[in-house]
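I would like the entire structure built from these sequences, with the hints used as guidance.
From first to last, the protein sequence lines are chains A and B. Under our numbering, think of the first position of the first sequence as 1, with each following residue one higher. Under our numbering, think of the first position of the second sequence as 1, with each following residue one higher.
Because the hints were derived from the structure by calculation, they are not lab data. From the three backbone atoms N, C-alpha and C, an ideal C-beta is built for every residue, glycine too. Incorrect hints may have been included.
These stretches of chain B come out as covered by chain A in the derived footprint (C-beta under 8 Å, 3 or more residues) [said to hold, decoys possible]:
id, region
1, 58 to 71
2, 138 to 145
3, 149 to 163
4, 275 to 283
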Amino acid sequence: MKKIHGKYLWFILLALVLAGAVLVGGCAEEVVEEEPVDEEPVDEEPVDEEPAEEAVLRVALTTNPNTIEPATGDTRTASNVAWSIFESLVWLNDEGEIVPSLARDWTISEDGTLYTFELREDVYFHNGDKFTAEDVYFTWERGQGSDITYREDFLAVADMNIIDEYTVEVVLDEPNAMLLLQMNEHWGILSKDYHEEVGEDGYMQSPVGTGPFMFVEWRAGDRIELEAFEDYWDDGYPKVDRVVYRPIPESSTRYAALMADEIDIVSGLAPEQAESIMAVEDEEDVKLVSYPHDRVFYITFNNMTTGIGTPIEEQEVRQAMSYAIDYDLIIDRIFDGHAERTAGFVVPGNLGYDPSIEPYPYDPEKALELLAEAGYPDGFSIEMAGPSDTYVNFEDVLQAVAGFWGEVGIEVDLEFMESGRFWDLQASRELPPLFGDSWSSSMGEAYPRLLGSVGGEDASYAAWLDPKLVDMVRQIELTPDDNERAAVYTEILEYMHEDPPFIYLYQPTAFEAINERVQNYNPRVSEQYYLKGVGIE
Amino acid sequence: MLLGVLFLVFFLLHLTGDPVTLMVSRHASPSEIAALRQELGFDRPILVQFWDYLTNALQGDFGHSFRYRQPAMNLVMERIPATIELASVALFMAILMGVTIGILGGSNPNSILDSLARGIGLLGQTIPTFWLGLILIIIFSVNLGWFPTYGRSTFELFGLNIPDKSIVLPAFALSLFTTGQLARFTRSAVLEVMNEEYVTTARSKGLRKIRIYSRYILKNSAIPMISIIGVQFSYLLSGSIYIETIFSWPGLGNLLAEAVSTRDFFLVQATAFFTSFVVIGLQLVTDLIYMLVDPRIRYR
Chain A
1 MKKIHGKYLW FILLALVLAG AVLVGGCAEE VVEEEPVDEE PVDEEPVDEE PAEEAVLRVA
61 LTTNPNTIEP ATGDTRTASN VAWSIFESLV WLNDEGEIVP SLARDWTISE DGTLYTFELR
121 EDVYFHNGDK FTAEDVYFTW ERGQGSDITY REDFLAVADM NIIDEYTVEV VLDEPNAMLL
181 LQMNEHWGIL SKDYHEEVGE DGYMQSPVGT GPFMFVEWRA GDRIELEAFE DYWDDGYPKV
241 DRVVYRPIPE SSTRYAALMA DEIDIVSGLA PEQAESIMAV EDEEDVKLVS YPHDRVFYIT
301 FNNMTTGIGT PIEEQEVRQA MSYAIDYDLI IDRIFDGHAE RTAGFVVPGN LGYDPSIEPY
361 PYDPEKALEL LAEAGYPDGF SIEMAGPSDT YVNFEDVLQA VAGFWGEVGI EVDLEFMESG
421 RFWDLQASRE LPPLFGDSWS SSMGEAYPRL LGSVGGEDAS YAAWLDPKLV DMVRQIELTP
481 DDNERAAVYT EILEYMHEDP PFIYLYQPTA FEAINERVQN YNPRVSEQYY LKGVGIE
Chain B
1 MLLGVLFLVF FLLHLTGDPV TLMVSRHASP SEIAALRQEL GFDRPILVQF WDYLTNALQG
61 DFGHSFRYRQ PAMNLVMERI PATIELASVA LFMAILMGVT IGILGGSNPN SILDSLARGI
121 GLLGQTIPTF WLGLILIIIF SVNLGWFPTY GRSTFELFGL NIPDKSIVLP AFALSLFTTG
181 QLARFTRSAV LEVMNEEYVT TARSKGLRKI RIYSRYILKN SAIPMISIIG VQFSYLLSGS
241 IYIETIFSWP GLGNLLAEAV STRDFFLVQA TAFFTSFVVI GLQLVTDLIY MLVDPRIRYR
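In structure tokens:
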């Protein structure tokens, strides 16, 4: 036994020595490699081992996509990857216009319930299948499945008729001005034949679309690789040979990867990281891209359940509470100025936005006056809730707001909840008379935000019920003409400003950064981007 | 024991509600939410849900991840190699650094070396890994360019995917806590053994220093070190949420962080099950190694 011990120990020692040697050797190697520092990061990316002339775009993702298919991908990250692979019948371009994509053209019947799409005849899927009307029908059919995240965008269509190989008729029960936008959002056309061949799971793991890039590999949590589709119908696109998406959940790491030239496009940067990029933009090959994000932070009044019978039912009280907050100070102190004030749920860039409707100014005198008019000269007490650890600095904002209200005599009992519980209670309408949250929109219109927040009893997350508003939101759906619809939006913006169901807080500034070699990268206010036209110098 | 873990994780998760509201779009109607809840079975009594889960788990079915629409255990298995790599390299670094520092400190009590060893031991255990990870990235990746800032890259050797130097920074950051602990334990074990009479005897016989250390001191301080290494390895293997998140290392910790924030219940449960399985298994292995090192220890 003793002998075995000796051997065992010597084995450990030998292993330690060997390990030491390896480590020292490794270090020595590192030092040698230190000389050509510039080439170092290039070595890191396996994709760069390809011939030098290959243009590779390296994009950081803020989260791991659950799928990379438009109807099931549940985050902006997922859909941004998905739209490199898939295409819909129509496309919302950078100017906010609906333009042809897989459909060459379409007509809408007088009553707005029949859409006839003429499909392109020169389109192939990545696996070589020809794109036909059958694939559109199949995509619609599959999209209605109970496990499809955005099935409501497919259920919006009542029926579909295949007229011939390249013509489909889409039948609606009633006019829906949002239909083309819904298609643009979630109708990524799937290949029927390929789906039959590999099944739903197989399709999700190795997706095939008609888009500018074809799927190569997905290593969970590590990378998603796509390459240019040679038979892409839109000549001259895409502009790069390969795209590599890398999930990097931590924003500091994304920032570091950009500075070390290991990545070309990063999004979701924190304001302090944006500031340090601004400081070195002249010396380094990086460029900051910033824009107000199409997301409105607000505090809602709840007149559907817990707020019934409380002062917030009075219009003057809600106006007074809007006047009582020093929004600019909040933006300045809490966000270092990196946020925009907003006058309502229709924000700049949205259809029907009207700059003449201005945000409520900070006017505590006026607030006191209005409170007195409403019969609350000494203020009142009320409860408010907010989600914790969900939005950047949002807890601080709500606390500041409660402080400003305290100054006009409104005592707020503020409670923060774990976000999951918060949203459960929001869906079951059990939150207090006041609660803070945010609502984004990616359609270029405020419709989803309005439908969800003031759309009536059928909107699970709505806390404010005003029959007139419900009708106005309904009017949006029934107005296919853009100009007429814009007028409806403006009317809603004005109405919701005068009789506010919400305290409109701010729109956060989104920060992204790119390597200077990247050309033609235009993220949208919804944080969407399309890589079809993005190139590398 | 595993049953207890399953029970605990299941009920703790269900205390937070259910994932249905996170799965529907935000303008879903109450009836849509109710329909989905019913379809997924979250409207049933919680004990029924647990029984269902348990009977399936015993047959090796740990449920489907809602988000990924794949069997939860498959997702866990996919991430295991990356975590095992990281844990092994981190443990290796920790043993190398921790034991060396501990021996140096313990054999020269109250010297400068000893203070340094104690300092490093303390630092290793108290320094926040999150902060350390970022500092390492800034110094060694951004400024010096020696290592990549994030991710896992591998090269192929005999058909195996071997991680390249991308593993160095995350493994080092991960190893520091264990290094600190090992350094402290080794130091005190060596210190204790140094004063034993058999060591004095060995010295008086004029044995060479290396022989005294290898045959008498190290061997006799091995038992506490092995138990520490066993415990630490199971801790490292369960995946570090912080380190894997900072370095975008595609392992279990990274997966778990995401599963928790998206309330992907079955995925969290599968990860917890696997982790407890590893911890219990490693405990067994540690006990067996005791036997090998110290023949006086016998299990009957």
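Hints, verified against the model:
Remark: the region 58 to 71 of chain B is confirmed as covered by chain A, as 4 of its residues place a Cβ nearer than 8 Å to a Cβ of that chain, reaching the required three. Under a criterion of three residues with beta carbons nearer than 8 Å to beta carbons of chain A, the stated coverage of the region 138 to 145 of chain B is upheld, 5 such residues being counted. Residues of the region 149 to 163 of chain B lying with their CB closer than 8 Å to a CB of chain A number 5, which satisfies the three-residue condition for coverage. Check on the region 275 to 283 of chain B: 0 of its residues sit with their Cβ under 8 Å from a Cβ of chain A, so the three-residue criterion for coverage is violated.
Figure legend: structure checked against the earlier numbered hints; the only hint not met is number 4.
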